[in-house]
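A.B. asks: Residue numbers (our numbering), protein chains in the order written: chain R, 1 to 566; chain A, 1001 to 1429.
In case anyone wonders, no lab produced these hints; they're calculated from the structure. Note that beta-carbon positions come from the ideal geometry of N, C-alpha and C, so glycine has one too. Check each hint, because a few of them may be wrong.
Under the rule of at most 30 angstroms between Cα atoms (straight-line distance), these lysine-lysine pairs were calculated in the DSS-like manner [said to hold, decoys possible]:
#, chain 1, residue 1, chain 2, residue 2
1, R, K194, A, K1177
2, A, K1244, A, K1177
3, A, K1403, A, K1002
4, A, K1422, A, K1331
5, A, K1262, R, K330
6, R, K31, R, K295
7, R, K510, A, K1417
8, A, K1217, A, K1177
9, R, K534, A, K1177
10, R, K330, A, K1217
11, A, K1199, A, K1241
12, A, K1199, A, K1177
13, R, K401, R, K295
14, A, K1427, R, K510
15, A, K1424, R, K510
16, A, K1244, A, K1331
17, R, K534, A, K1424
18, A, K1244, R, K330
19, A, K1217, R, K194
20, A, K1260, A, K1241
21, A, K1244, A, K1217
22, R, K534, A, K1002
23, R, K330, R, K352
24, R, K194, A, K1241
25, A, K1244, R, K194
26, R, K31, R, K510
27, A, K1422, R, K510
28, R, K330, A, K1241
29, R, K534, A, K1262
30, R, K352, R, K401
31, A, K1260, R, K330
32, A, K1427, A, K1331
33, A, K1260, A, K1331
34, A, K1262, R, K309
35, A, K1403, R, K510
36, A, K1040, A, K1403
37, A, K1262, A, K1331
Just the calculated beta-carbon pair ranges, DEER-fashion [as the list claims (entries may be wrong)]:
#, chain 1, residue 1, chain 2, residue 2, range
38, A, E1353, R, N353, 53 to 63 angstroms
39, R, L558, A, K1002, 30 to 40 angstroms
40, R, D537, A, E1124, 37 to 47 angstroms
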Amino acid sequence: MTELLIRNACVIDPLNDICGEVMDIAVRDGKIVESVGSGAEVIDAGGSLTMPGGIDSHTHICGTKVNFGRYMSPEDMRAGRTARRGHMHSTSGYSVPTTYGTSYRYSAMGYTTALEGAMAPLEARHTHEEFTHTPLQDMMANTLFDGNWPIMQAIHDGDIRRAAAIVGWTLSAVKGFAIKLTNPGGTEAWGWGKDVASIRDPVPHFEVTPAEIIRAMIEANEMLNLPHSVHLHCNCLGKPGNHQCTLETFDLVPNANNKRQSLYATHVQFHSYGGSSWRDICSRSEEICRAINSKPQIVIDMGQVMFGKTTTMTADGPMEFNLYRLYHNKWSNHDVELETGSGIIPVYYSRKNLVNSIMWSIGLELALLTDNPWQCILSTDNPNGAPFVKYPEIMALLMSKRYRNEIFGTVHPDTEHNVPLAAIDRELTWNDIAIMTRGAPAKALGIEDLGKGHLGEGADADIAIYPININETDPATSAEEVIRAFGQTDYTIKRGRVVCRQGTCMVDGKNTTIWVDPHISENYSMDHDPEFAKNFDRYYTVRMSNYPVQEEYIRRNLCIETEAQL
Amino acid sequence: MKINDVVCPFCGCLCDDLEITVEHNRIVAVDNGCTLANAKFMSKEQLASPIRRTGEGWENISYDEAIQYTVDMLLDADRPLLYGWSGTHGEAQCIGVHVSELVGGIIDSTTSVCHGPSILAIQEVGHPGCTLGRVKNRADVVIYWGCNPLEAHPRHMSRYTTYADGYFLQNAFRERKVIVVDVRETETARVADEFIRIKEGGDYAVLSALRAIVRGKGDVVPESVAGVSRSQLERIVTLCKDAKFGAIFFGLGLTMTRGKYKNVRNAIELVDELSRHTKFTITPMRGHWNVYGSNEVFTWMTGYPYAIDFCRGIAFYNPGETSAIDLLARKECDACLIIGSDPGAHFPRGCVEHLAEIPTVVIDPVPTMTTALADVQIPVAVSGIDADGTAYRMDGVPIRVRKVIEPTLPNDREVLKSIHAKMKEAKGQ
Ligand code: SF4
Ligand SMILES: [Zn+2]
Chain R
1 MTELLIRNAC VIDPLNDICG EVMDIAVRDG KIVESVGSGA EVIDAGGSLT
51 MPGGIDSHTH ICGTKVNFGR YMSPEDMRAG RTARRGHMHS TSGYSVPTTY
101 GTSYRYSAMG YTTALEGAMA PLEARHTHEE FTHTPLQDMM ANTLFDGNWP
151 IMQAIHDGDI RRAAAIVGWT LSAVKGFAIK LTNPGGTEAW GWGKDVASIR
201 DPVPHFEVTP AEIIRAMIEA NEMLNLPHSV HLHCNCLGKP GNHQCTLETF
251 DLVPNANNKR QSLYATHVQF HSYGGSSWRD ICSRSEEICR AINSKPQIVI
301 DMGQVMFGKT TTMTADGPME FNLYRLYHNK WSNHDVELET GSGIIPVYYS
351 RKNLVNSIMW SIGLELALLT DNPWQCILST DNPNGAPFVK YPEIMALLMS
401 KRYRNEIFGT VHPDTEHNVP LAAIDRELTW NDIAIMTRGA PAKALGIEDL
451 GKGHLGEGAD ADIAIYPINI NETDPATSAE EVIRAFGQTD YTIKRGRVVC
501 RQGTCMVDGK NTTIWVDPHI SENYSMDHDP EFAKNFDRYY TVRMSNYPVQ
551 EEYIRRNLCI ETEAQL
Chain A
1001 MKINDVVCPF CGCLCDDLEI TVEHNRIVAV DNGCTLANAK FMSKEQLASP
1051 IRRTGEGWEN ISYDEAIQYT VDMLLDADRP LLYGWSGTHG EAQCIGVHVS
1101 ELVGGIIDST TSVCHGPSIL AIQEVGHPGC TLGRVKNRAD VVIYWGCNPL
1151 EAHPRHMSRY TTYADGYFLQ NAFRERKVIV VDVRETETAR VADEFIRIKE
1201 GGDYAVLSAL RAIVRGKGDV VPESVAGVSR SQLERIVTLC KDAKFGAIFF
1251 GLGLTMTRGK YKNVRNAIEL VDELSRHTKF TITPMRGHWN VYGSNEVFTW
1301 MTGYPYAIDF CRGIAFYNPG ETSAIDLLAR KECDACLIIG SDPGAHFPRG
1351 CVEHLAEIPT VVIDPVPTMT TALADVQIPV AVSGIDADGT AYRMDGVPIR
1401 VRKVIEPTLP NDREVLKSIH AKMKEAKGQ
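Next comes chain A alone, as it looks inside the complex (with noise of 0.2 angstroms):
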């Protein structure tokens, strides 16, 4: 049996028009997707049980027991930390936030670790953006700062950017200039009009020149600034403002690199200076497929995107306090639920042995690095192949991921209602 118009669970791209083929309840075929679509949907080492950490290595358990061990665990824990997310669906992630509200805990999401600046620089300036249908109907320069889309989010350029086909262009791909602004000649930049390498920590300098060049002040630019040339960067200026509609990209080679915050901040206020010229938008490139649901779905419930702290009953937002490595660092933590991600194999070294030490429990498909910090891990249907939900795409468009075979686990909002429920009546409610 052929599915088509099937929703890729794995990047921000959240492509929606794969056809995946399906016998006896496996997937035998995936087309369309790109080959981190192909190996997510043809992935087969789902665990079959829950299970516990003994003495020696590993016990299977029931669900009851695992759910009960969860229980205990959070209505035990002082600091007790609920963090992931952006690997599960937004009706999961609701109910997590009203878990960390009833435990007095704190949630936070994979944003503290990519694009937490992005949000601070966002808090402070706002953002000027647009839905990626736009920007393929009408761009006609494309830059991508820091990030390379060939690799992180492969049918990026072709479903929305330089290859797609675009309403008001005759023929994209000749018409569309594509900037690429990055540390090394990455496979993106090789297919670039223009690539502008900088020395590792000048973006902020060349937003900076960039912008006053926008501005008329070029003069005060000096002949090169981190390692590009003033000639080059008044092209680019040019060819921004001669544009129709210019849309930037970042990702986190803007992010998480010297300057952090204030590189996005900078960035945004580019657009706005160029916004007084003509059309232009500006997006980050989330990585996770629905990363951004979390920010959404957090904020809607709690009023902040990431990192926010229950302790004290009300919504407490403070991040570099209330974000999850942080707190690991600072080793207050005293208790873990992790789901739909991987810190054990993202996070510094001092907050993966404080996960080791703490009770943890994951809620996961398949074994990952972080099984090993954990005391019990709870297998899951996979959102987007054996459980369906909601998820937002990098530029915010809600679609609902499917499910395309039928699952032989409970998914992930499930075991969240069961914990949720137990909980309630712990508690008395």
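Okay, chain R solo, but in the shape it has when bound (with noise of 0.2 angstroms):
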């Protein structure tokens, strides 16, 4: 039995209605518990800010598209380079740090659970070997079913059951979370080189719509009764005019679970641009946000833009081709066969540049026009829209509209006749920052009843003690105190362990990959299908018996088991 004492800690735990209460936390044995015996460890928090660890809900980490983000920028690894010191493994990179960099600079950070925003099921495997290179998080996986052959026939079919228990079977086997869609029928038509120009644009030769992929994967979900709602990346993303694509797809969504949204819509940003061409893109964040206002059964994340150097990655393969062709730069592609796609391309925002500008004013403005914030995760599309590390200066530009108008100023002064930004007063508060990124991001998973993102008794004892006093810091005069504080944790524990203090990680760690199972019933099992497995044969160029990932992927794992309505 292990204890340990937090005391003097003015604690913010939105799932629990805390709000900088100074109190005591005990923790026994990893987890949350009433009180503990006076031979527990004790660590005074001194008033310092603690919250629960912080969850990121949609960032790209692991798997083969990140790897090859590591594997074709070798000038993006010496950007971010670190010896070997004590627990810590070296690390390399900046944008797609190695996956003991990732992991170490989360934890410095105070964050101690992710979403990986898109695995191929094909490469599952892939992302496993990296979950376990990544010690001090525990893990989850989208799981991408975009562009995956037999869903779409099932759909096209109108078996929404047939769907549902092919993407069940998916989970199970490739141990994913949740049900990932990326520019849905998009990442098919590209096998051609092609896309699909809006959500009623037919996927060639599957004869469906991206509207008909989202309607029925959100039945599908519930079917499953998945912890998580479907994930997407809607259509269109990065094109101006786009936002209408985006409010197309927010009235497709009804409200079907009563727990959480029904959709979760990833790095809105990216698809909330007016006009129509690269000349009069602007922001149309204010239509967006009025849609989501509206519609509790939608929750999103920003996918903020900040300046600088970064990659974008992203299941999205013609997007990224596109993007390629105004930039220029260098362009990787890796489309998977029956299921999806993926493409990267190195990109610099620039704070001269009218796009890039308008880009970064949008994000903020979500979250700033998006009244609850419960509906709102504080995301970069990490690396898509920055770097991760980026955080702490999104949370102090939320904070405070003086820092806000001062790096206004600095960005193309034309920004100001294509965004509402300028005319925003709100300032977030110490609460919403915490609702961002650990109330709402384990609410939208559906993970708070495994304890996480809170720091209620029973919960995981994942807390993060930040060297700031919130009763002694306006956030709205104090832009730097905050970005300091962010950006380096105390104490960040892990499972009731100290896993990093100011930065220095203090142990080796071992992650906790979750994932469901959906419990299906014999007639729907595409175990004992036999045109299911006759297709699979015939064209994967993997047998089906060496799909799955084996356990040896998993050795310590959260299974989430649930009853499917099938």
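Could you use the hints to bring the two separately framed chains together as a complex?
C.D. replies: This is the structure we're talking about:
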């Protein structure tokens, strides 16, 4: 039995309605408990801000495309190197750090859980291997179903139950966590070098539309009783005028679950553009947020862009090629048979560039114009909008109008004619930030009942203590202090153990992989479906028996078993 | 007992449909595999115990002694090199990185003598690729450039391209056009629809000519380029542009001939150019079954795919300086651990001579040419036969190779784990 007592913690724990109360937190064997004995190890927080460990509900840090981002970018690897020290392995990389680099830097910022944003089922083993080497965060994998042949076939046949059964089989086979759709239909069209132009544009050959895929997957998601909702990267990413597509997509979403949203729309910044070309692109964040404010069934993450160098990587192959044709730097693409695609290009977001300045502004507007912080999660779509190490700056921008104005004064001068940011006075509170980085992602992912994202009794003792006193610091006037404090915890505690102390990781650590296993009746089991098996072995290049991710890849894991209505 | 869907641990195709018959813990038959697979599964000449060189010959030693020798050798070295890795599974490669980091050594895989130039090209311009199934189901034009799959990857054409069933092709064999580009008429060239015979060293020029024609600048191309007529080049470009899905595969005939990484860069840029007209992809024909795995593992662990030097604590990458051949040629490295490859058979003479001079340990199931240079050899289970683990196919698809018989020897990761643990102990960690 190990016990820990954190004294004098100034706690913000939105899921338990605690906001700035100074209290003690007791921990036994990795869980929060009512009280501990006198022999417990004691940490005196000295009134510092203490929150549940951070949760990133959309980030690209492990798997085939992430690793290709490293592989093709020695220049990025050189931009962030540390030597082996104590328990810490050497690390490389700035926008796409090595797995240890990612893990240590997240840990130093108080993050203890992360969702990998896109895993192709066929390459799931790779993602899980990298999870193993991301020791200080518990990990989950969004699993890509945007261009899945048997699923599109089932949807075409009007058989949503079959589509759900295939999703369920695949999720448990590849140890995935949730349904991810990246440019649904578009990644299959990209197999011919094409894309879909709207949610009503049918996918070549399969003759289903993105709208049909999205609706069917929302329905299937609820049939399977999955903890998270469908996680959607909308069609038309990055295209001027795409707010129309985003709004039409939002209109498709029923209110299908009373515990959480029915759709998680990711990196909405990239989907909130007005105008018809790069010449007249402008922000449509107001319309987008109006839709979100009237639809509790939708939760978004920001996809904030920050200025500087980064690497874009997504399953959205056609979008990356378009981006490449703008930037002309270097371009990688990796289509995955029967399932999805992906693309990678390095980019530089410049404050002197009008389009980049508008993008920067839109991300902030989304967070400031969404009334309910539970509906807008802080993200950069790491590393697409910026590397996650920029989060503290984003927090400061959201909390301080003064700081915002200061940066706004440095961006392209025409920005103000194209965005509403300057007119927004809202300043987010400490509690808002805690919601956007802890409570809301836990709730949206459906893992608060597993003890994630809060500090109630029985919760996992994942805790971040930041070196800042919120009663003495006015964030509206102290942006620098906010950035410094959120950039490095005094203590990051994972499962009741101090894993990081002022930026130095103290343990080797071991990650837990969280995955789902929907129980499906024999009638709907793909293991006993001759047609599924026949087509599988015929069109994949890996045998069906070699496809599932073996137990060896998820040594420490938490399986969420659900009862499917199938 | 028959075991189905066994993965072949021989070449980068990683065929996973073999049927192996096992009797009394011995493999007695291999079905579906090519001759290379058969030879690998049926080979019987495993060493039974670690051996150490004596004045006259070899003596058997225990695993403990062999491991201790390795630990002492690495800890004593100033510039230790840990080389090979393409013939072992990913879990062992991971420990290899930890060991290298701990001793401040250099870790490099056989990449530096095969597709290293491809990686350098990719690091300049990127890589438009795809998984092999994307090609199998869609490609109506397939180009093999500077490679001879019928010999080196015998089932590549039957599983992934020419002879494979494809979802979008009625009669795959008839509908697919196969183009072979090479300096000699190989067996593969003889089954192609078009054979482009290039004069040795002419790849770069031919690729440039193709790019010019794709761009509509065919008038700058002379009548004949490196022995290839302009009319043939024009015909090829038309075929490519009319394709619904084109796929280029390339081998050492492109990466290791005059122009090296520039050739590959030019080929990638041709694909980039063609991608503006139709769908095109390009894939290196990786040789060893898990050489791509070594690149993947090294990349997520260190940031770089091969030739990584930890001597200053950080991971430092500079192929040409930190690659195995160059280190050995400069006689810089003073101890070497070799695993999952046979440099004694492939390295230039000067490098082999230096290997023979310095203390060298080989971890390998069978005696190889490298054994002749070694001071100690530690036999291990064969990955994919009596040891399981992760491998990455030439297109990046991760597949778990299986254990089809019970091992009598420890496997690579177990041996490396002991080495790592002993080393940490010696360093007081
Ligand atoms: S083609 Fe390669 S992987 Fe396939 S059976 Fe032959 S040697 Fe093995
Ligand atoms: Zn994303």
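A.B. asks: Does A:K1177 sit within 30 angstroms of A:K1199, going by the straight-line distance between their CA atoms?
C.D. replies: Answer holds: A:K1199 to A:K1177 is near 23 angstroms, not above 30 angstroms.
A.B. asks: Take the C-beta atom of A:E1353 and the C-beta atom of R:N353, compute their distance, and say whether it sits inside 53 to 63 angstroms.
C.D. replies: Check passed, 57 angstroms falls within 53 to 63 angstroms.
A.B. asks: With a cut-off of 30 angstroms on the C-alpha distance, tell me whether A:K1244 and R:K194 pass.
C.D. replies: With Cα atoms ~11 angstroms apart, A:K1244 and R:K194 stay inside 30 angstroms; holds.
A.B. asks: Could you grab the alpha-carbon distance between A:K1427 and A:K1331 and see if it respects the 30 angstroms cut-off?
C.D. replies: Given pair A:K1427, A:K1331 holds - Cα atoms ~27 angstroms apart, limit 30 angstroms.
A.B. asks: Would the hint linking A:K1424 and R:K510 be met if the CA-CA limit is 30 angstroms?
C.D. replies: Holds, at about 19 angstroms.
A.B. asks: Check whether the Cα positions of A:K1427 and R:K510 lie no farther apart than 30 angstroms.
C.D. replies: OK: A:K1427 and R:K510 at ~23 angstroms, within 30 angstroms.
A.B. asks: Given the hint that R:K534 pairs with A:K1262, does the C-alpha gap stay at or below 30 angstroms?
C.D. replies: The hint is violated at about 43 angstroms.
A.B. asks: Between R:L558 and A:K1002, does the C-beta distance stay in 30 to 40 angstroms?
C.D. replies: holds (37 angstroms)
A.B. asks: For the pair we were handed, A:K1260 and A:K1331, check the Cα-Cα distance against 30 angstroms.
C.D. replies: holds (25 angstroms)
A.B. asks: Has the given pair, A:K1244 with A:K1217, been kept, meaning a C-alpha gap of at most 30 angstroms?
C.D. replies: Holds, because 23 angstroms separates the two Cα atoms, which is no more than 30 angstroms.
A.B. asks: Regarding the pair R:K510 and A:K1417, is the alpha-carbon distance no greater than 30 angstroms?
C.D. replies: Holds, because 17 angstroms separates the two Cα atoms, which is no more than 30 angstroms.
A.B. asks: Quickly compare the C-alpha distance for R:K330 and A:K1241 to 30 angstroms and report which way the hint goes.
C.D. replies: holds (22 angstroms)
Checked against the numbered hints above, the structure violates hints 6, 16, 17 and 29; every other hint is satisfied.
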